[in-house]
Amino acid sequence: MFKNEEMEINLGPQHPSTHGVLRVKLRLDGETVTHCRPMIGYLHRGVEKICENQSFFQGQVWTDRMDYCSAVANNLGWAEANEKLLGITVPRRAQYIRTLLNEFNRIASHLIWLGTHAMDIGALTVFLYAFREREDVLDINEAFCGSRLTTTAFRIGGLREDLPPGFEKMVRKFLAKFSDCLDEYEALLTENRIWKKRTIGVARLSAEDAIALGVTGPMLRAAGVAYDIRKAFPYAAYAEMDFEVPTRTEADTYARYEVRMAEMRQSARIIQQCMDGMPEGPVMAKLPKILRSEVNEVYHATESPKGEIGYYLVGEKGSLNPYRFHVRAPGFINLQSLPKMAEGGLIADVVAAIGSLDIVLGEIDR
Amino acid sequence: MPTPTLTQSIVITLIQCLLVVIFVFVVVPLTVFAERKVLGHLQQRLGSTRVASGHVGFTGWMNRSMWKMGRVPVLSYWRGIPGLVGDVLKLILKEDIMPAKADKFVFFLAPSISMVAAIVVFAAISFVPGTFFTFPAWFPYLGGLPVSGGIADINVGLLWILGVATVGVYGIVLAGWSSNSKYPLLGGLRSAAQMVSYEVPLTLSLLAPVVLSASLNFSEMSSRMAVGMPFWALVPQVIGFLLYLTCGFAETNRLPFDMPEAENELVAGFHTEYSGMKFGLFYLAEYINMTVVSALASAFFLGGPWLLPFGLQGLLNPYLPGFLSWFGEPHAIFFVAKIIFLLFTYIWVRGTIPRYRYDQIMAVGWKYLIPLALVNLLLAAVIRCFAV
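Chains as they are written, first to last, in this note's numbering: chain A, 1 to 366; chain B, 1 to 388.
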């Protein structure tokens, strides 16, 4: 008379907690998830193809619009990949400024993650606190390059302009208060019993699985693998910076939370060092009038807030635009771990898992 | 005092009903408004604390003049009121959409059940024991007649309140089911399980005052819990109060127990498919339920219309000087003040903690709250049996 039926349900593409237009196909047995498949592509714009049809300079605006929460990090990877391809050396001051802005961007991106992740779990207040500080970071972006979100911050060969007057004061002001702000978020979450109950042991992804799936970034470091490209293959000015790579071994949502919170503190440290040790000099390398590629192909990976963002550029020697442009987007690759994390859990854990992935659909669909 | 005739007492009752309805419909929108403002300040939202509506009209004028005086109009609490009016108008005027495959009758019935169950509870709530006020002699038809502090202060008042309030669950379950849609169904199921589970510790925690005061009558219970009992006998009821409040949060589907409408999991839970005033009724019912829970908590645990909670009133009364004697008497204003404080607590908690997971809520309810409520009840029974 009674039969047990599984219910198929679409989480998204219009759903408050899928952070954009992600659609997750779930099969539910009661509230338990038995099957979970992320469906993507709602935001596909063909970024890679567009970049192939433009000159080397023009691709940067598209990298802003991939992961729009960490535009600067995307710009940095893009600029360095192109510089490798075109054989350009960037002045040291420009490297420092790039590092500084990149770390600010990491803070901004992690703040968005913190706010939305906490909101998904029901802690509304953290969201607004985090956005309050992100506002300051965006103001710093604005002071540097005139725009807040889609920064287009760098140029191939360095920077368009040097730091504006008053920039150092803004940065110092931010650094002075940021540690207290982090303490404020942690006061609301870290020892909160409900927060711990919702996150500890939820959406586990072991180091083996993470490596097998190609997961990078805080997700991987929360599983105990201290792989950070800033340390492993230093780029920009990271070789000269003194910072730690925070890791946890629990590999659950709470561990990812701890890793990201610790990363924000480390980022503040790096910014401090950049500001203190800022070298003098030019910010732009001497470039030829026409940029032609020097080598045939380049893969350049940098550590974006979400994980390893890699740019693969193929340019026949002497060509004016990349023959092939491919982005290894961390969000796209991290997202494939969702079924592993979510299946067997409850529907509320799916939401926690998506939150701890820290995805931006602009980057996944490109 | 003259005794009213039948028609006179019917008119008086109607007046009481009107007063209660006015009370409810004043408190509820103000709570919604306060929620915006209090949350705004807790969370440092700019929208509701600094730049909220108004470049036109009176508020706009105040706003502009404060800016001119060189002040950021931070404390202008009246701003946002136009937004509130707009919200209500929007709810009333919005198109009422019904899903094609919904069970039409039940879909229509569900919000009404929720709303009626929430508001009918007020019949048995007495704001002040005895007479609330007396009509002056010049008043036509009703001159000199007393109006009591509750509409129907019946001798099974608490039973009525619990019974009717439980019916509200049907509204939510039926809404979830009749929408014929997946998210509402999940929301409805969750709420059925959650509310039925939390009904048990809620009732058990209310049984302690019943045992202690040996009555089910609302005003009698609140009187005895405030002044009719020695101080030490009521101190254990601090636990009872916290228990009741926790269960009350769960019963009204507020954070951290807002499972049925956990928007980050179930979109909007049981009322996903509702729009317009049907949604408005659910919304109203939630806030009325919050008021009811606060009213019961303040009546049975916080001393109701008396000034001080937990039997402290009985300690205070003998030492009150003559000119402060009104502190020793029940007043509706104390009662309402406590209700408002508890409503603030609701908002406060919402601004502070995250949401439980569904299975964790059930675990908390069955594994911790119910045993604790039983122990509390046993304690009350022992005190009643041997001491009072």
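Hints in this document: simulated from the structure, not taken from any laboratory.
Even for Gly, the Cβ is constructed at its ideal location relative to N, Cα and C.
The reader is advised that the hints may include incorrect statements.
Computed cross-link-like contacts, DSS-like style, restricted to lysine-lysine with a CA-CA straight-line distance of at most 30 Å [to be verified]:
1) K3/A / K37/B
2) K68/B / K25/A
3) K289/A / K340/A
4) K25/A / K367/B
5) K196/A / K101/B
6) K317/A / K289/A
7) K169/A / K196/A
Pairwise CB distance ranges (calculated) [claimed, not checked]:
8) L149/A / V238/B: 43 to 53 Å
9) T190/A / V200/B: 30 to 40 Å
10) D183/A / D103/B: 32 to 42 Å
11) V21/B / S179/A: 50 to 60 Å
12) E240/A / V238/B: 57 to 67 Å
13) G201/A / V238/B: 51 to 61 Å
14) S179/A / L84/B: 51 to 61 Å
15) G30/A / K90/B: 57 to 67 Å
16) H35/A / L242/B: 36 to 46 Å
17) G201/A / L324/B: 55 to 65 Å
Violating hint indices (sorted, rising)
Numbers 1, 2, 3, 4, 5, 7, 10, 13, 14, 15, in rising order.
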